[in-house]
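Visitor: Given chain A, put chains B and C with the ligands in place with the hints provided.
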Amino acid sequence: NIFERKVEERTPYVRLVEVGEDDTDPATWGKNWPVQYDSYKRTALLTKTRFGGHQGSESLPEEKIDRDPWLKRMFNGYAFSIDYRDRRGHAYMLHDQEETKRLSKPQSGSCLHCHASVMPLYRQLGGGDAMKGFEESSTLSYQEMSAKLHESGHAHPVSCVDCHDPTDMSLRVTRPGFVRGIQALAASDAPVPALASIQLWRDGKRSEPYDPNRDASRNEMRSYVCGQCHVEYYCGGKMPLTVPWGQGLTADAIEAFWDAATFPDGEAFVDYTHAETGAPVLKAQHPEFELWNQGVHARSGVTCADCHMPYVREGATKVSDHWVRSPLLNVNRACQTCHRTSEDELKQRADVIQQRNYDLMQRGGAAIVALIDAAVAAKANGVAPEVLAAAQKLQRRAQWRLDFIAAENSMGFHAPQEAARVLGEAIDYARQGEIVLLRGAQEDGEVAAGAAGR
Amino acid sequence: NIFERKVEERTPYVRLVEVGEDDTDPATWGKNWPVQYDSYKRTALLTKTRFGGHQGSESLPEEKIDRDPWLKRMFNGYAFSIDYRDRRGHAYMLHDQEETKRLSKPQSGSCLHCHASVMPLYRQLGGGDAMKGFEESSTLSYQEMSAKLHESGHAHPVSCVDCHDPTDMSLRVTRPGFVRGIQALAASDAPVPALASIQLWRDGKRSEPYDPNRDASRNEMRSYVCGQCHVEYYCGGKMPLTVPWGQGLTADAIEAFWDAATFPDGEAFVDYTHAETGAPVLKAQHPEFELWNQGVHARSGVTCADCHMPYVREGATKVSDHWVRSPLLNVNRACQTCHRTSEDELKQRADVIQQRNYDLMQRGGAAIVALIDAAVAAKANGVAPEVLAAAQKLQRRAQWRLDFIAAENSMGFHAPQEAARVLGEAIDYARQGEIVLLRGAQEDGEVAAGAAGR
Amino acid sequence: MGTLPLALAVCVGIAAGIGGYTFRYAKGLSYLQTDPKACVNCHIMRPQYDAWQKASHHHVAVCVDCHLPHDFVRKYLAKAENGWRHGEKFTTQRFVEPIVVQAKGRAILQENCLRCHEDLVHAIVGARAGISDDLPCTHCHAGVGHGEKTGIGGPLSNEERRAAR
Ligand SMILES: [Ca+2]
Ligand SMILES: [Ca+2]
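Top to bottom, those sequences are chains A, B and C. All residue numbers for the first sequence refer to my numbering, where the first residue is 614 and numbers rise by one. All residue numbers for the second sequence refer to my numbering, where the first residue is 614 and numbers rise by one. All residue numbers for the third sequence refer to my numbering, where the first residue is 492 and numbers rise by one.
Only chain A is shown next, with the shape it has when bound in the complex (with noise of 0.2 Å):
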């Protein structure tokens, strides 16, 4: 094509400093690229927004437990009701995971796969094969793990190795948890609108399985660093971390999974068992990159990094803003070099779709209270078996649903009707759970049992 022509070729940096697999410390990748390194340790700061940021001091995020006291009656007989609070910035996601009291109970060492620089202790521990440090990771308590981090000199949070490729500082995803969700994704045939290297891979030969390093683009690639963590997850003793992709990448399509999912032991696959309503239900962590893949901005090309590492012109160059926050406090990068209007009228926008997933959300807090509440006296009742097994089957759809969008940190703006859908269809579920135990309580368990079949 006569049209094509090299850009001049130029090295954009000088490298004072050779890093490699191994340089997890944040500091020697900062002597080739101070300009990153400068804002990416700006993750350290206080933000604040409505929604988003974190509350509370700077020693500690608000608990989100005691701010919406729903979060804690629906994670009653799990951790997460011991103690969850606001997320904050990169620079802390270390010393908050040592710091939480969920801790107190015993934990997987696969934990700290999103919460450090942990590819080289995965090396180590699997002898070279980081995949089999990886499994190996999960049969490990949390302490001792930790304690393995701490000697190895690799105690850093995210750092510049796990995101880029130390030969040409290309993108490059790290994390084999994504790495084996990704594939299922892509094995599967759920639609995947926003991911068009993977419809692409899959009118391939399919000869090698989906490779994100190989085969996604440049672009995809600016969410996929960021999908190494901000995904929805399992991670406890009894099986690897698992990354739940293999049905598509939606709350109901997670669900079919999880619910078709088995422990090695051949148990039907649960987090844990409700303490109140004894209903076997789901935990929904962050899914960040799952929500974002329903909107439209994920159908347009628009990735994480454009709204959360805007470009940010540094002197005489451009770089990307490596202080990873709210683009609510950078609308000006973040959003308006696409959107063409008043910075005051964009915050309007995400405000006003904030606001809707918020009373849709607490809507559904107040409905899955008033099941629970309906269970508790049921059982106190002697209600029939068959009643309450059908109450807690609706129970664990409508928490699930729920959790998906309050556990999710953007409060619905990365696919606003997509996020309000998935809620109206947890109250939905609560209210029907609460339905089944009442006709229950009128001695018609059949009735009620059928009423709650899908």
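Take these hints with a grain of salt, some might be off.
Said to hold, decoys possible - So the derived list for chain B, only partly shown, Cβ under 7 Å to chain C, looks like this:
hint : residue
1    : R700
2    : A704
3    : Y924
4    : V925
5    : K931
6    : N945
7    : R946
8    : Q949
9    : R953
Just so you know, these hints were derived from the structure itself, not from any lab. C-beta: ideal position from N, C-alpha, C; glycine also.
Guide: Only chains B and C with the ligands this time, still in chain A's reference frame:
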């Protein structure tokens, strides 16, 4: 406004014949503006999309109440349970109104407000004063008014003169119902992020009431002309045609307006009493203008005409396509002029939005039917009056919200998240109503009635 | 502008088969000028012309700065090529509306963004970047030339003129 640019070019024309306020026959105007007239006549063509246009035969659109039986159940006790069909092109508006079996019940003469080029008749009735004639019309029966219309020779569907000032062809609104509604909105302090001219008027002297024809921007007029008819209304015999915007344009604000409204005889406002449950309920009609106002398109200054009457290049000039129809039949002109993506992708985006809305709406239908069933059963078992009253209150809220989205004609597209939020609330209230009845049946009306209070 | 390239382009253009009619109508020679007015000799370019005047670059860049390649020979080849294609399409009215920059046109755009802004963006035009990259400048800066997307839909097609089902 950034979109003003899109409407700058004016089409030159030669006036072959004079047209005035009483020229309701579009053929006359067509002599001056043949291109617009040609496309205007195309509204007689049968159009069909997945959710838009109309299913059914050339002769008669499909019955909505047969396709979705829960609609029929919801409307039990009201004329809409007799006959309620898909809408179709403007050319049919008068014919379809004259054909509907809803006329087997007494209907107001004001029905013609939005189905015919009725202004000359209003002036005639009011002895020159259209506003007076407009009020007069509500005291006449549909049949009386219809007879006058045909005598008067103005029996045409919406015509040029209804949207255009014959002196200079500029847009103008003519319908008294709309003018009163928008003036009440302006006088209120409800937020109007999408209607800048109202905010301007509010910030001004307010010496005279807001006048859309004087105060609105040209871009706003591109939606106002449609807002003359594509709005929620009361159109019965007990008071003049009312457009209920005195507290705002959201489903909640309009509900609050009706809840506070009374008929001249002092009775509380109600559309009908549900035949099975006895609930005093509301009927929502095509709130396109209201829902559109809640969406990001409206906030961005994207008007009805932009999508439903896109500019079409005619040689060196451009004209507005007067073949008002579904934009999904016209994506390259209706969407691609603003969106940098393929026709196929845009169709899919709209389809995903509509599918989610459809699913949630069907869920709402199941919930409302369950509530009505429960009420019937409870009445049979002699439920306590205060319990029934509480359930009826909830039925009114639930039906209003469900109908607001079901009667709206874009299947949620005009404001996807808001539509889902409203449906989520509808489901919640319907289920709460059922719960109140079941609890009531357990001999504790107290709790129940309490639980129902907002 | 020198006569050699002009002659060259005209030859190429004519050889490429520009109908005399179009050439007169559209002042096909306009393809050998840099004056934006030359582009609006085709009313079809009017929306972009109007929008360009209100966009951020109108005082620093004209149409050809962004839409035509800038090394000598290819510039005139492209002009002739476009001149022929646009002209041909314009006379036959066979083109998709709203007009949208095609892949080739996008590559030229990207190249021109870099031509003027290389110093600023060298840091972000990383290893996996370049003009064949899927993260072009217009991913974020689509508005630099014309602000919001411009262009209008074409006239009703024959299918549409017949019943629409
Ligand atoms: Ca989980
Ligand atoms: Ca109404």
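Visitor: With reference to the structure, classify each hint as holding or not holding.
Guide: Hint-by-hint comparison with the structure:
no.: 1; hint: R700; verdict: violated (16 Å)
no.: 2; hint: A704; verdict: violated (13 Å)
no.: 3; hint: Y924; verdict: holds (5 Å)
no.: 4; hint: V925; verdict: holds (6 Å)
no.: 5; hint: K931; verdict: holds (5 Å)
no.: 6; hint: N945; verdict: holds (6 Å)
no.: 7; hint: R946; verdict: holds (3 Å)
no.: 8; hint: Q949; verdict: holds (5 Å)
no.: 9; hint: R953; verdict: holds (6 Å)
In the structure shown, a violation is registered for the earlier hints numbered 1 and 2, in ascending order.
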